[in-house]
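J.: Construct the entire structure; sequences and hints are all you get.
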Amino acid sequence: MRFSLNLITLSLLALSGNAMAMDFSVANANTSKIKEGAYQCKRCVVNEGYQGQVSATAHYLEQNDIHAGNAFGTDKDGLASSVSGDVHYQNKAGYQAAMQAHQVGLDNSFITLTGEKAGVFELALDYQLLTRYQADDARSQYWYQDGMLTPVSAPQYYQFDLLKQREILGLAAEYQGSFYDAYASYQRQDKTGNREAVMFVQKPIAFGLPIDSTTDNMNLGMSFSGANWLADMQYNGSLYRNNIDSVSLPYAYDAYSATPDNEAHQVAFSGQYRLNATVMNGRVVVGRMIQDDDLVTVSNSPIQNWDGQVDTLDMYYGMSSMLSNRLRLGGSVDYSQRDNKGSQFDFMQYSYNNLSGAFKQNLPLDIDRTTVKVNASYRLMQGYRLQAGYERKMVDRNYGQREQTHDDKLWSKLAIRAIDDVTINLEAAYGMRGGSRFNANEVTSAEENPLLRKFYLADRNRAEVGMRINYSPLSWLAVDLNSYYADDEYDATQIGLKSSTDVGYDLNVSLQLSEQVNAYGFAGQQWIKSAQAGSQSAIKPDWFTDINDEFINLGAGLSYGGLLQDKLTLGADYLFANSASDADTYFGLSADYGDYYSYSHSVNLYADYQVSSQFAVKLAYQYERYYDTDPAKVEIAHIPGLVTLGQFNHNYNAHQVMLSFSYQLQ
Amino acid sequence: MQRLFTKLCCGVIALFCVTAQATPWDKLSSDQLEQQLTKKFEQGLYSPKGADTCLMCHKKSEQVMAIFDGVHGNMSHSESPMAGLQCEACHGPMGKHNRGGKEPMISFGEDSKLSVSAQNSVCQGCHNDTEQMAWHNSSHNLADISCADCHQVHAAKDPALDRLTVNDTCTSCHTREKADMNKRSAHPMKWNEMTCIDCHNPHGSMSESALVKPSLNDTCYSCHAEKRGPFLWEHAPVTEDCSACHNPHGSVNEDLLNSRAPQLCQQCHIDDGHAGRVVAQGGQNAFGAGKSCLNCHNQIHGSNHPAGSSLQR
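Read top to bottom, the protein sequences are chains A and B. Quick note: the first sequence, position 97, residue 195 per our numbering, numbers continuous. Quick note: the second sequence, position 95, residue 278 per our numbering, numbers continuous.
Every clue listed holds true.
With the Cβ distance kept under 10 Å, some of the chain A side facing chain B (calculated, not the full set): (1) Glu134; (2) Gly150; (3) His186; (4) Lys190; (5) Asn340; (6) Pro358; (7) Arg372; (8) Tyr414; (9) Lys552; (10) Pro639; (11) Tyr691.
Rather than coming from a laboratory, the hints here were simulated on the basis of the structure. It should be emphasised that the depicted structure is a prediction, and the values quoted were computed from it without experimental measurement. Cβ coordinates follow ideal geometry from the N, Cα and C atoms, glycine included.
T.: Written out as structure tokens, the structure reads:
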């Protein structure tokens with residue numbers, strides 16, 4: 099706690115003699131000479147009633163892979179329709195209402211309704227449909243019904259869609275009093291679909307596990323405010339309910355435990371206090387996560403359900419002070435505790451589906467984290483600001499191969515605004531991770547190769563640099579270049595992840611060529627290289643893998659609104675993305691893991707015609723070309739002793755034509 | 184197209200010889216500007232007729248008049264500046280600005296020479312609520328990001344408050360994250376089905392990376408509650424930090440993974456000839472085909488099966 103004491107000392111010093119920051123807030127205004135009665139605002143425009151627009155769209159889709167539905171908003175083939183809108187209402191009495199809808203009718207859509215009286219209350223209702231399409235050609239030797247997997251004989255495999263759909267309904271209300279706000283919200287999320295699951299009964303058997311669950315999230319609280327302070331207390335609750343408990347095979351009951359129901363509760367108190375140019379804030383969050391769902395039936399199990407309970411505590415204190423117009427100091431202390439209070443029992447374990455007679459005890463994991471940060475921001479001269487900071491994160495954990503780790507990081511940033519039309523941001527950081535002796539725990543030490551260093555616990559030196567240049571020489575041109583480099587070295591690791599570098603850039607150009615013509619372009623590339631070593635002999639490293647990840651992203655677009663007396667706007671957007679990962683392994687011989695990449699071309703063309711001041715029609719065309727491959731995806735029974743869902747890679751061209759009619763409310 | 188091409192060429196040539204138009208008080212240094220504005224603010228010489236005085240000159244500007252399309256120009260909104268000191272509530276007392284427009288007013292955004300903290304003090308005078316409780320220690324505040332860098336007041340709708348455009352606002356600076364949205368696996372950000380502010384609070388928070396929940400894992404659990412547990416058999420890195428294995432902004436690997444199985448798994452598990460065996464080519468055997476290590480250890484986020492210590496069932 100030495101650091102936190104120093105931080106408190108620092109904050110007291112800051113409080114004792116800091117400079118008043120410039121405060122142009124309306125509460126600080128000198129209004130003694132003002133004649134309010136003359137402020138009639140006759141030239142002001144009063145927008146009462148409804149404003150905004152609503153639109154209806156007819157879609158024609160041609161797609162032979164549901165994966166295209168991610169880009170198109172639906173997996174339907176042929177005709178579809180949707181409505182969108184953004185409407186706002188207000189009246190003289192101070193009541194306001196708004197409605198925003200996006201592609202309602204498609205599988206990725208939302209509608210939000212809000213209503214409020216300024217300074218009194220706010221109400222909101224939100225409905226969202228969120229669908230993620232993975233594949234429509236997954237095939238299984240088994241089909242699922244009511245917790246039982248029934249075998250299907252080849253070649254009549256059971257074919258199904260891999261997709262996840264979330265239906266989210268949210269309600270929120272807020273009441274604003276003179277010095278307090280009271281608020282409450284509720285959200286229900288229903289998840290349906292199918293996901294890829296694997297059951298291990300003598301061999302791994304992949305199957306489509308239906309998703310059928312709900313999550314209820316609740317939030318209620320009150321916040322208070324005074325002249326120089328804020329306070330908030332709130333409760334957050336979350337209940338997860340899975341309607342699938344377990345999965346069996348006709349010859350192996352309860353072989354697979356589905357995700358258990360769980361719930362989490364948190365009570366949070368937070369506040370802020372301002373004293374001159376010093377601001378302090380803090381928070382205490384007390385939480386509990388509970389999981390006591392029934393366990394699947396297993397002979398010799400000592401319990402029917404586990405009393406899984408994790409108590410959490412999060413505490414934060416932060417301060418920031420402007421000591422002068424040039425210098426700002428800040429810092430924070432953050433402590434978080436995860437205390438797993440679940441009971442421990444000895445459970446009989448299987449060895450390849452035969453009772454081995456071996457017992458194992460569950461290990462409730464506890465984690466304590468303390469993070470200390472200090473930072474300073476100093477204006478060197480007009481247009482030059484230097485920031486620097488130090489951070490230390492300390493983690494204590496039980497049953498880990500390393501029970502204590504600490505990460506130290508020094509960082510600095512320099513922002514240059516002194517050059518006309520150019521802003522430059524430079525940053526650099528250096529971090530080191532160390533900790534207690536490896537294999538310090540008797541529960542785990544016997545199982546581990548003594549040369550192994552798990553990457554998230556291992557000693558690591560990390561160096562990072564970055565540069566961003568923004569150049570806006572003309573009112574209609576802006577160029578932005580961002581580049582970065584990071585190097586991780588795990589010098590003490592002989593087996594495990596040994597090094598990783600991440601380097602890349604992003605270039606963005608935007609042009610406002612005239613009042614009617616906009617254009618943009620961007621390009622970005624990233625290379626992530628990592629090296630790891632492994633051991634088959636369980637003694638010393640005898641194989642080495644280099645992983646080379648590459649990503650390229652290109653895009654451009656143009657819109658021209660100067661046709662037909664400025665009533666017609668034509669536009670085009672193009673996006674290309676290519677993701678690739680190569681893994682090369684040397685084990686006396688060299689081998690390439692296989693092709694693992696994806697690419698996509700996305701094109702959007704549109705013509706928007708303003709028929710009248712209220713009506714507009716838009717014709718758009720969207721094209722998606724997508725390809726991916728994965729050497730791990732093999733036919734269902736291609737590998738002896740392994741049952742997969744087949745080769746559901748993607749290779750498609752998909753098209754969508756949209757015709758929209760929109761009406762402007764005035 | 185010929186006109187367009189000509190204009191583009193002229194623009195590229197002009198790139199090296201033309202600078203942006205200056206404001207009348209652009210010659211003042213930042214300190215001089217702040218001194219003058221502070222003096223004006225303290226004198227409190229507000230205009231005789233409020234917005235009507237300002238609009239005598241500024242009514243022709245579409246950008247100025249757009250204030251009336253939004254909440255800040257709504258006179259019936261009791262908390263709107265237009266229901267109080269009107270234009271001068273934000274831009275400060277007029278003083279002698281109307282005599283030729285040479286006397287400075289408080290202005291906002293990247294072209295303003297006024298310090299960011301002074302600009303932001305105007306907004307924070309009204310927007311001082313618990314949403315902004317951690318602003319002062321936020322990375323945006325330390326980096327001198329002004330409210331006007333993200334928010335538009337003179338508009339019918341602030342793009343930063345619209346779920347269909349807020350991602351554009353964030354990615355205009357966070358270009359690396361913008362690129363990440365297009366990787367092989369990513370949250371559905373590029374179609375605006377998720378937004379940056381679902382996970383991050385741009386005004387800062389008391390959690391790491393300005394996350395909206397007390398911890399990184401809590402933030403993930405808000406949508407992925409099935410991963411929350413606690414499970415009878417826990418997987419230590421899963422319990423400790425979701426980002427140990429996943430990059431939430433996007434990855435060239437499926438499932439937002441930092442590396443694929445088996446390589447990712449073998450960065451931690453080389454305990455015997457089983458986990459440590461070389462898997463040099465994918466699709467050749469059960470260790471490199473299908474879901475690799477997860478073929479057997481399929482409950483990688485935790486198992487609740489009494490016999491699930493190896494996360495197999």
